[in-house]
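Spelled out from the first residue to the last, the chains are:
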Amino acid sequence: MDDLYREIIIEHYKNPLHKGRIENSDYTFEDENPLCGDHLQIELRVNADQKVVDAKFDGQGCAISISAADLLLDSIIGKSIEDLKALSKKDILDLLGIELSPVRLKCALLSLKVLKAAVYELQEADDDLIQK
Amino acid sequence: MDDLYREIIIEHYKNPLHKGRIENSDYTFEDENPLCGDHLQIELRVNADQKVVDAKFDGQGCAISISAADLLLDSIIGKSIEDLKALSKKDILDLLGIELSPVRLKCALLSLKVLKAAVYELQEADDDLIQK
Amino acid sequence: MPNTLNVQGDFPILKRKIHNENKLVYLDSAATSQKPSSVIQAVDNYYSNTNANVHRGIHFLAEEATEKYENARKKIAKFVGVGDPNQIIFTRNTTESINLVARTWGSKFLNDDDVIISTEMEHHSNIVPWFSLVQEKNLSLKFVQITSEGKLDIDHFRALLKLNPKLVAFTHMSNVLGTINPVKEIIEMAHEAGAITVVDGAQSTPHFPVSIDELDADFYAFSAHKMCGPTGIGILFGKKALLENMPPFLGGGDMIKKVTFKGFSANSIPYKFEAGTPAIAQAIGFGAAVDYLSTIGMKNVCSYEKELTEYAMEILSGINGLHILGPSAVDRGGVISFTLDHIHPHDIAQILDQSGIAVRAGHHCAMPLHEKLGLPASTRASFYIYNTKNDIDDLKEGLFHVQKVFS
Amino acid sequence: MPNTLNVQGDFPILKRKIHNENKLVYLDSAATSQKPSSVIQAVDNYYSNTNANVHRGIHFLAEEATEKYENARKKIAKFVGVGDPNQIIFTRNTTESINLVARTWGSKFLNDDDVIISTEMEHHSNIVPWFSLVQEKNLSLKFVQITSEGKLDIDHFRALLKLNPKLVAFTHMSNVLGTINPVKEIIEMAHEAGAITVVDGAQSTPHFPVSIDELDADFYAFSAHKMCGPTGIGILFGKKALLENMPPFLGGGDMIKKVTFKGFSANSIPYKFEAGTPAIAQAIGFGAAVDYLSTIGMKNVCSYEKELTEYAMEILSGINGLHILGPSAVDRGGVISFTLDHIHPHDIAQILDQSGIAVRAGHHCAMPLHEKLGLPASTRASFYIYNTKNDIDDLKEGLFHVQKVFS
Ligand SMILES: Cc1ncc(COP(=O)(O)O)c(C=O)c1O
Ligand SMILES: Cc1ncc(COP(=O)(O)O)c(C=O)c1O
Chain A
1 MDDLYREIII EHYKNPLHKG RIENSDYTFE DENPLCGDHL QIELRVNADQ KVVDAKFDGQ
61 GCAISISAAD LLLDSIIGKS IEDLKALSKK DILDLLGIEL SPVRLKCALL SLKVLKAAVY
121 ELQEADDDLI QK
Chain B
1 MDDLYREIII EHYKNPLHKG RIENSDYTFE DENPLCGDHL QIELRVNADQ KVVDAKFDGQ
61 GCAISISAAD LLLDSIIGKS IEDLKALSKK DILDLLGIEL SPVRLKCALL SLKVLKAAVY
121 ELQEADDDLI QK
Chain C
1 MPNTLNVQGD FPILKRKIHN ENKLVYLDSA ATSQKPSSVI QAVDNYYSNT NANVHRGIHF
61 LAEEATEKYE NARKKIAKFV GVGDPNQIIF TRNTTESINL VARTWGSKFL NDDDVIISTE
121 MEHHSNIVPW FSLVQEKNLS LKFVQITSEG KLDIDHFRAL LKLNPKLVAF THMSNVLGTI
181 NPVKEIIEMA HEAGAITVVD GAQSTPHFPV SIDELDADFY AFSAHKMCGP TGIGILFGKK
241 ALLENMPPFL GGGDMIKKVT FKGFSANSIP YKFEAGTPAI AQAIGFGAAV DYLSTIGMKN
301 VCSYEKELTE YAMEILSGIN GLHILGPSAV DRGGVISFTL DHIHPHDIAQ ILDQSGIAVR
361 AGHHCAMPLH EKLGLPASTR ASFYIYNTKN DIDDLKEGLF HVQKVFS
Chain D
1 MPNTLNVQGD FPILKRKIHN ENKLVYLDSA ATSQKPSSVI QAVDNYYSNT NANVHRGIHF
61 LAEEATEKYE NARKKIAKFV GVGDPNQIIF TRNTTESINL VARTWGSKFL NDDDVIISTE
121 MEHHSNIVPW FSLVQEKNLS LKFVQITSEG KLDIDHFRAL LKLNPKLVAF THMSNVLGTI
181 NPVKEIIEMA HEAGAITVVD GAQSTPHFPV SIDELDADFY AFSAHKMCGP TGIGILFGKK
241 ALLENMPPFL GGGDMIKKVT FKGFSANSIP YKFEAGTPAI AQAIGFGAAV DYLSTIGMKN
301 VCSYEKELTE YAMEILSGIN GLHILGPSAV DRGGVISFTL DHIHPHDIAQ ILDQSGIAVR
361 AGHHCAMPLH EKLGLPASTR ASFYIYNTKN DIDDLKEGLF HVQKVFS
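Residue numbers (this note's numbering), protein chains in the order written: chain A, 1 to 132; chain B, 1 to 132; chain C, 1 to 407; chain D, 1 to 407.
Next up, chain A with everything else stripped away, as it sits in the complex (with noise of 0.2 Å):
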């Protein structure tokens, strides 16, 4: 029971490491989860390499969105443009560490959502750009 709600969400989602901005950002993108309402804005600097020096991202969400943002970009650091746009569904539950319901698993995806739009430089990301 309550196993969805493992130390490790609860810890990122009170205390996230990434919350907040970055003055003149290379990337960035926003978006919401329309079903709740949820905004999620994400902003990266890359070195000349094209590789992810810092990543933050601010908005409001649920413990499962607000902790798979932090870990996500938690886990990105140090990782080249290319690399993020194969990060997939499986990378964020990996994380997370927990199965979720089709409702959840759209507050689950939507930073990767986000850092997709933002990365390819779309108006939105595809879904079927984080299936798999």
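Hints were generated in silico from the structure; no laboratory data involved.
The reader is advised that the hints may include incorrect statements.
Claimed, not checked - Calculated cross-link-like contacts (lysine-lysine; reagent style DSS-like; alpha-carbon spacing at most 30 Å):
no.	chain 1	residue 1	chain 2	residue 2
1	C	K75	B	K90
2	D	K184	D	K239
3	D	K166	C	K137
4	C	K258	B	K106
5	B	K85	B	K106
Here the structure of chain A is known, so what remains is to put chains B, C and D with the ligands in place on it, guided by the hints.
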């Protein structure tokens, strides 16, 4: 069984007394039962007192609608136009001597509907005019 | 006052165990109600014994099916205080009912620059159909504001009426705030200003006695699935004179009087608005649902829910950091939406679910209202005849547990 | 070849006695089919164990209901050979499906003076929605003629295509003539002429294997109630690219992505077209129906009905004064409409009913076709998996009796 198809109904269907047309009729109207495409025209001739002296129908329909038309017209000879306005659903059912489901009721009442439209000189008789 | 209506045994789903071990505490009836055996049986019985297409058939089953279908229409008319059952149109749900008005009455009688009025507390189904018309016809759509207490601001409404609106669309009871609106007064005011009225009754007909004829509503919409009935069936009531002057909605079988290669003429009401094979089993099931509710008595339903709601308001407002949306217990129905400091509604719902408690989290199809309230989402507990004070106690314990998880 | 599919025991209604004493001989499946226990049970089970509103809920029942509902969509997609289930939209019935196309694709993409094509053998539901558009938009609606045999006149169709129609709407199988149209060929011809196609599959999906992707249809409509499923649920298939470019149909909950006081944006497909609480139980029941039919196998359904139809054609054409409408047994489905000299279809149906035989009498929602045939009405016997040669023998005896009553 088969009591809907009493002798009298089959007889009036096969050998209607009032099938035909009246030259120079005083009242006339035609209508159809869209449910089955049945079509009926009724023509009346009245004397100076506005009493029916001749009544004829023409058209096509099922045994119930044709025999009802024939029985109805047979029953109104000698009646005044005012009398006709008082005719109701019940009179038709009494003439036929059977009970009918709502769908077949429409067949049975087509002639009354046409008659009412004719004597009220309406575009089309309202169902309210033949209820009860 | 009874402590329970003693109807739990009528609802087979209440025996269901949630996550294998928990009793179901179903507090999501505003989304859809549970179904009593008599309704489930009526549907089953229709399929097992009567099933046939209606209206056109000359055979035993077709006649029996037609009679049951039309009988359901009569029962429902009576249940909501409508004298002439031909004013009762079967639709899929409240949403389709309101769209029907927008697409028929609206298309014919609304013109460029006309004003229509909705309110800030509406469900999307009483907003979006009007937006579609607004785009098409260049209308102006105004929203009656709500007060800080969560009631309609009647002064603002009065001011908007000066714009000579053609139509006023509003809800009988809010599915978020629980507010019960003064429908009769609003209709009277709208009529005086020359507007017709469209009342969203999705949350009213399930919970208290409604007499549409007495309210003098022009259109009134509701759904079976929120009042013990099947999914897939709803009602649009419309005044006869209005319905008769409206163009048809969907085209097809049953709604026509005659079709040729040149055109068609429409059937009389209510059939004009019921194209194609209707939701026959569902209409009959809806008839069984109003029978069921009538047996309990809508006055009893109403007073029982009032008692429950008062109890819940008291219990919930005692929880630290919990904030209830909408008016006080006196003026509301059995829907309580709330926020809990620092905890997202999704997380509340999810953790409650783990102990079998079903509530709803989100915007409850009322995004504009949440925008107005400055909230992305809220958590909603809603009650019906099968709930008890125990359920509310369980909710309280559940919320304590939620707070503990996040502490 | 089996003499029966041995499924009679699956259909509880077949035990019903008609007028107290007669076995039911149900020959009205083209109007609506009977329902097997597995479908009735699936609906019952949904209400008794799973019932909740779908899509937005974060609780056990809501998630289970959503999964079952979406699973039904996938099953149905597979059953009719559709690869991407997001192209399957739940509607009330075939009629609503076709209206949806007319009101969305039609409203957006058809303009003054455009030509659209239907056929002389259509059901009202594939004529009236187009007439409504014709009135609104000043279009021209042409009808492909039928040959004396009751087939589509392909030469006439070819000639009409020279008018550069934007849309061709036609039935896969006629519900009066039994004609099965060469759908693939028609679609190819329409596409070559630059038209999109709307196929009325109400009489096809119940009776033989259909692969919509293979046929390359743009839109394809059908109803659950004619194929062992519940009333109140139907399907519109649309190609993804078309659906995505269409404006929404009805407005309300579930079909939106976002609503503000200024406007709304629509959800992605298929939800964009499913406003309000859907017919959840019915969709799930429909899923059970396609499971049931798949277990029998649509090839078996088709060949069994073919055998029955051939037998019936032989038996009926042996009756004096009986005239069968439509093509020979080789090219038709299990629908046989006929006339009997000097006896009105109403009387035939009524007298047959008295011995428990259910047939249909009237225009079968195809008045223009009857006008073309010069008939006010006809009598129709239609078959399904639970019928046997015995039923046809009973029909023959029944018709002899009808003739005797009128002799
Ligand atoms: C060929 C055909 N099209 C359309 C329909 C309409 O189907 P529904 O009444 O389920 O909308 C029917 C059945 O009545 C039909 O046979
Ligand atoms: C106030 C209100 N209006 C309309 C609706 C829409 O009802 P349905 O989804 O049955 O169309 C609901 C329920 O969701 C509601 O609560």
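Which numbered conditions among the earlier hints are violated in the structure presented, ordered from lowest to highest?
No numbers; nothing is violated.
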